[in-house]
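Those sequence lines, one after another, are chains D and E. If you count the first sequence from 1, position 171 lands on 171 in the working numbering, and the numbers rise without skipping. If you count the second sequence from 1, position 6 lands on 469 in the working numbering, and the numbers rise without skipping.
Quick caveat, the hints were computed from the structure, so don't treat them as lab data. Misleading hints may appear alongside valid ones.
DSS-like, lysine-lysine: derived pairs with alpha carbons at most 27 Å apart [what the hints assert, rightly or not]:
id, chain 1, residue 1, chain 2, residue 2
1, D, K195, D, K24
2, E, K489, D, K142
3, E, K644, E, K658
4, D, K201, E, K544
5, E, K734, D, K278
Listed next, the stretches of chain E that the computed footprint assigns to chain D, with coverage defined by at least 3 CB atoms under 8 Å from CB atoms of chain D [unchecked claim]:
id, region
6, 487-500
7, 505-517
8, 548-556
9, 672-683
10, 712-721
11, 729-739
Quick reminder that beta carbons are idealized off the backbone N, C-alpha and C, glycines included.
Here is how the chains run, residue by residue.
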Amino acid sequence: MANMSLKKVQMPEQDPNVRNKNFKEVALGYEENMAVEEAERCIQCKNQPCVSGCPVHVQIPDFIKQIANRNFEGAYQKIKETNNLPAICGRVCPQESQCESVCTRGKKGEPVAIGRLERFAADWHMRNKEDKVEALKKNGRKVAVIGSGPAGLSCAGDLAKMGYDTTIFEAFHTPGGVLMYGIPEFRLPKEIVQKEIDSLKKLGVKIETNMVIGKILTIDDLFEMGYEAVFIGTGAGLPKFMGIPGENLNGVYSANEFLTRINLMKAYDFPNHPTPVKVGKKVAVVGGGNVAMDAARSAKRMGADEVYIVYRRSEEEMPARLEEIHHAKEEGIIFKLLTNPVRVIGDESGNVKGIECVNMVLGEPDQSGRRRPIEEKGSEHVIEVDTVIIAIGQSPNPLITSTTEGLEKQKWGGIIVNEDTLETSRKGVFAGGDAVTGAATVILAMGAGKKAAASIHKFLSEK
Amino acid sequence: MNEILEKKQLNPTVKLMVINSPLMAKKAKPGQFVIVRVDEKGERIPLTIADYDGEKGTVTIIFQEVGMSTKKLGTLDVGDKLHDFVGPLGKPVEFSKDTKRVLAIGGGVGVAPLYPKVKMLNKNGVSIDSIIGGRSAEYVILEDEMRAVSDNLYITTDDGSKGRKGFVTDVLKELIEKGNKYDEVIAIGPLIMMKMVCRITKEYNIPTMVSMNPIMIDGTGMCGGCRVTVDGETKFACVDGPAFDGFKVDFDEAMRRQNMYKDMEKKALEKYEHECKLGGILNG
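Excised from the complex, chain D in its bound form (with noise of 0.2 Å):
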């Protein structure tokens, strides 16, 4: 018999006022009475709107049975025969404009937490059992992944299950991309990006990091040392500044720099890490998206006493998830909304010592459908802060687009491809992701990926 409650199982979390001084993981995840009553909620409803909704098509009803029948193991191998990466997609997929948003239950009531039953299925997996290490049948032929971010390990993950000679590309130290880089520890912990990258290995993908695409290699030089096609998963890693004066004063920062200092260097562990990051008593982090609160909710946890989140439209316009704003603002951000820099001010010493800001008030949407802001004239006021950090955005880096010829981009930089294969200008590469998208989330770049190994696998069967 369904458990016909109304409301989500509740997840149990660290205090806000606990949390926000540290960096570990602020959900603590179900257990398994909680999984399996909160698993017992889904009708097992013959349309499965929910398997639409999710861009990968996980079988959400099955894996949710097994784990209502106690069968954990079970439940994970169902999830892990469409994602390569479930504990990662159970704890940031925005669940709410995906899988979650179709639930049957929630028409009336709250959806099933579908995102929570599967980071419970993958969280019980590696803390229970081994991977096993399947013989996969080789075919022999090499296929290049640029850069380890969602969208190339999914691929790389799909192409070594088809018994692939799969080799990723990537240019930091540390496999990952934003999953690494990006995303703080507290939202979704390294070790656990570590264990998903680890069993991927296991399948046999290899990788080799420190590999610059564009500078060490070129996309040719790969084609001629055998590799027969090419995936460029590189995301959307150039981040856009506002063109403001005093945007080089010391203090000011792109989210980029802060975050990856942190995540990526650990510079919250200073000195035993010697990355150094500063961040003073006093931040505003400018934008409205989850990188923006993933700065903010980080400058806290570094022991600032003031985090402003300064966003020049409503809280309704907010591309940042729901939970990360009501996250947010639980760990005290405080947030100044219909605001706008115009200037960051500096000391003497050349040290920021506060913004000047405009009030806007929203004016008839624009093309993108979101209320245009415009500005109040002579509400110029002050904030003072000492630390400046900017997240309105990334686009594409151009290294590869600018060393490879006959790739077709977008003005903005990102790469054309055909929708329906993924397939470039330039034959035999193929590209997904934030590289091609812009800014996009987690899980539509790991579907990019998914859907490019099937078309690549197409490309060399046809060959």
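Got chain D; can you put chain E on it based on the hints?
Using the frame of chain D, we list chain E on its own:
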């Protein structure tokens, strides 16, 4: 890969290492740099490619021991491996075909990034005068190498212990005043030196290339930590540089940004030296 094949002490604080890195050696060009991480917890530091040999598959780095990471790097020996060695990064330098005569100026460890550019120019038949300087005699590096690729080599030391007493800028002024004509000046060294060189060459309107050395993390253009203002525009030194038109660089801003972490760098170094001493006691 990444094995140290050769190690030389060039002066009390500057070391040279030849690293086994065949792929990089094939692609490297003058003006490019590498990012090094000494050990698993290490920070990423940018170092110049001072030389490379595509046939032998080697890349040479020269670094001054100024802080924790460079000191730690200096303790590695032949046979040890660098934990991470990434490159070649940055834009290779380009010279116009009309460049016939160049004045190359290197200060301190800046002679290391200067050398591969001069070597290439020399190979292309460009006539070179070079000025290299250091605090005192023992701080002047790559004298023989620079002499081999220069028509004239001038040496200066702050204390007069080698060559002539004074700054590289003193010789620069003399050469210009003597009537020497140069199509271009390349100046690499401390920011203050490059700024002073540009002040002089601008008066005489001699195009001047400088190589910036800002703080870097990734070195691939994804963070903007290395940004410099050039001609009023923000540039990322790791992808747009590190070489820029010296007349257009905002040196004062660059100097300020370079000192951003001074206090923390000191703290990291103190911790490292303290642990070294402890290690010495425990082991010895």
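Hint by hint, here is what the structure shows:
With a C-alpha separation of about 17 Å, the suggested pairing of D:K195 with D:K24 holds against the 27 Å cut-off. Taken as a hint, the E:K489 and D:K142 pair is honoured in the structure, with Cα atoms around 23 Å apart against an allowance of 27 Å. About 21 Å separates the Cα atoms of E:K644 and E:K658, which keeps this hinted pair within 27 Å; it holds. In summary, the hint linking D:K201 to E:K544 is supported, as the alpha carbons are separated by about 24 Å, within the 27 Å threshold.
Among the hinted pairs, E:K734 with D:K278 is consistent with the structure: their alpha-carbon atoms are about 18 Å apart, no more than 27 Å. Coverage of the region 487-500 of chain E by chain D holds in this model, with 3 residues showing a Cβ closer than 8 Å to a Cβ of that chain against a need of three. A count of 3 residues in the region 505-517 of chain E with a Cβ less than 8 Å from any Cβ of chain D is obtained; the coverage claim is therefore met, three being the minimum. Figure legend: the region 548-556 of chain E, annotated as covered by chain D; annotation consistent (5 residues with Cβ-Cβ distances under 8 Å, at least 3 required).
Counting residues of the region 672-683 of chain E whose CB lies closer than 8 Å to any CB of chain D gives 3, which reaches the minimum of 3, so the coverage claim holds. Counting residues of the region 712-721 of chain E whose beta carbon lies closer than 8 Å to any beta carbon of chain D gives 3, which meets the minimum of three for the stated coverage. Proximity of the region 729-739 of chain E to chain D, defined as three or more residues with a beta carbon under 8 Å from a beta carbon of that chain, is established by the 4 residues found.
No hint from the list above goes unmet by this structure.
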